[in-house]
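Starting from the known structure of chain A, fit chains B, C and D onto it as the hints suggest.
There are 4 protein chains.
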Amino acid sequence: MQLKPVLAVDDLNRFLETDFPEVNTDGKIFTVEAIGPGFATMRFDPLQRHLRPGNTISGPSLFALADVTAYVALLAHIGPMALAVTTSLNINFLRKPPLGPLLCTCNILKLGKRLAVLDASISGVGSDELVAHATATYSIPPK
Amino acid sequence: MQLKPVLAVDDLNRFLETDFPEVNTDGKIFTVEAIGPGFATMRFDPLQRHLRPGNTISGPSLFALADVTAYVALLAHIGPMALAVTTSLNINFLRKPPLGPLLCTCNILKLGKRLAVLDASISGVGSDELVAHATATYSIPPK
Amino acid sequence: MQLKPVLAVDDLNRFLETDFPEVNTDGKIFTVEAIGPGFATMRFDPLQRHLRPGNTISGPSLFALADVTAYVALLAHIGPMALAVTTSLNINFLRKPPLGPLLCTCNILKLGKRLAVLDASISGVGSDELVAHATATYSIPPK
Amino acid sequence: MQLKPVLAVDDLNRFLETDFPEVNTDGKIFTVEAIGPGFATMRFDPLQRHLRPGNTISGPSLFALADVTAYVALLAHIGPMALAVTTSLNINFLRKPPLGPLLCTCNILKLGKRLAVLDASISGVGSDELVAHATATYSIPPK
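Protein chains in written order, with my numbering: chain A, 391 to 533; chain B, 391 to 533; chain C, 391 to 533; chain D, 391 to 533.
Please note that a few of the clues may not be correct.
A pair counts as met if it fits within one copy or between any two copies, since identical chains are not told apart.
Claimed, not checked - When the alpha-carbon atoms are kept at most 30 Å apart in a straight line, the in silico DSS-like pairs for lysine-lysine are as follows:
| id | residue 1 | residue 2 |
| --- | --- | --- |
| 1 | 394 | 418 |
| 2 | 418 | 486 |
| 3 | 394 | 486 |
Simulated from the structure, these hints should not be mistaken for lab results.
If we strip away everything but chain A, and leave its shape as in the complex, we get (with noise of 0.2 Å):
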């Protein structure tokens, strides 16, 4: 499988703020900070609203974060037109997350015509323990 991106980070952070804005209602926390062949890495830098009791980072904001990593991922080897829809994730919770900022390198396992399919490996900046590990699928709609 011969991946390569069609679109760079500048496009991609450009195109969450013109068409997702969703994404970052509350400020800037969402940001693309590599693409390359089959893959991409975003950070997360979490806001009061994610946390949780014991210092933590809240489970559904783990689960944005690799959705719209592997979101990123997709179309950054698709293109922005697709409109590519979650069709199922499964997390795995493996540790406490640190109460900073977070990355999430989502590497594509599959491309095909209908459906993709990704994984996710979430970490604290600087750390290489995973804090959650993710395989999602995307269904492709016909052009």
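Chains B, C and D alone, transformed into the frame defined by chain A:
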């Protein structure tokens, strides 16, 4: 399996308010509607921030609804002291959610000493078409 | 969703025999028991080879039972021509299976043009305790 | 996470033979190939019974391969005494498997006191195209 709830609807709504205010940061959007042997039902009243392009409700909101309902179903049966933690959640997005309030019903599939497994069915209020279906696992810490 | 089966129990048992002999390589271990609107039930009679230490039934056998029942439930509603393919399956092992025959009931959660989602509940014959629960996704090729 | 195996390839092949003969009922089809810090690789040599129409390998065989490899990866790091039990397994079927032998590599994502989470990547021998990807959870009983 003879499951019997030990907490009532009012107990659980009060518990969410006092011990879990983060869940309702933006106003009362998650409400416990019903508790019974082996299940719980919650209502989600989405705000502007939970919407997505195409007049629909965001995936992370559906995830949050499934997660909080499963958590409430579990607490209803093991009591509010227990500090259950989501260890995994698998969600299938089945249909575009309608724009109004949603209901989620969770059934306990297994309530072990260390692990609980529940499923979650989400649909629009007054509709029997499933919008999403999830299975979640919780770790129950030793007392 | 008004689902209506187009094939009956006998049709499906015959189809398994003629088109899917691999499923019953070791004798008739998988039998369609019931078909109805949106669901199918199959019976699994385990052989020595499906057992595991501790007098239980192997995980792959439970997986196979969930997969073949979901496949049969799907074919019962779309007809035997369609070449549906499992794209994902998530299974939770809930209790140690009893040593005898098992029943699996699959419900269609979604039957789209390209994707179908089903859940599967496995228990011992005559028991209502769940042994395993699965959710499976099938890709339906264009005609 | 500094994971260090406590068993070697030969130990594990011997353990499978003596304590888990069911896995190789039909001859030696599952072989441990490599063990390293945090991972294990196994080889699967399919027989006629593992094939399916269209010259491919059955889903349950891929499930069994992922499950046994994850089990071996876990035992390699916690020792052969532990009686780990699969609690859940989520598998995505990505491409039609080639007809020959397959390799599966499992990485330990988390090794807790009570739960372990691993992922599994399956491809044909000599190919780097993923045929299937799985995530599995194991319960580790108290000693």
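Now for the hints, and whether the structure bears them out:
1. Only within a single protomer do residue 394 and residue 418 lie at most 30 Å apart by alpha-carbon distance; the minimum there is 27 Å, versus 40 Å between protomers.
2. For the identical chains of this complex, residue 418 and residue 486 are neighbours both inside a copy (23 Å) and across copies (27 Å), given an alpha-carbon limit of 30 Å.
3. Taking identical chains as interchangeable, the C-alpha atoms of residue 394 and residue 486 lie at most 30 Å apart only when they sit on different chains, with a minimum of 23 Å there against 34 Å within one chain.
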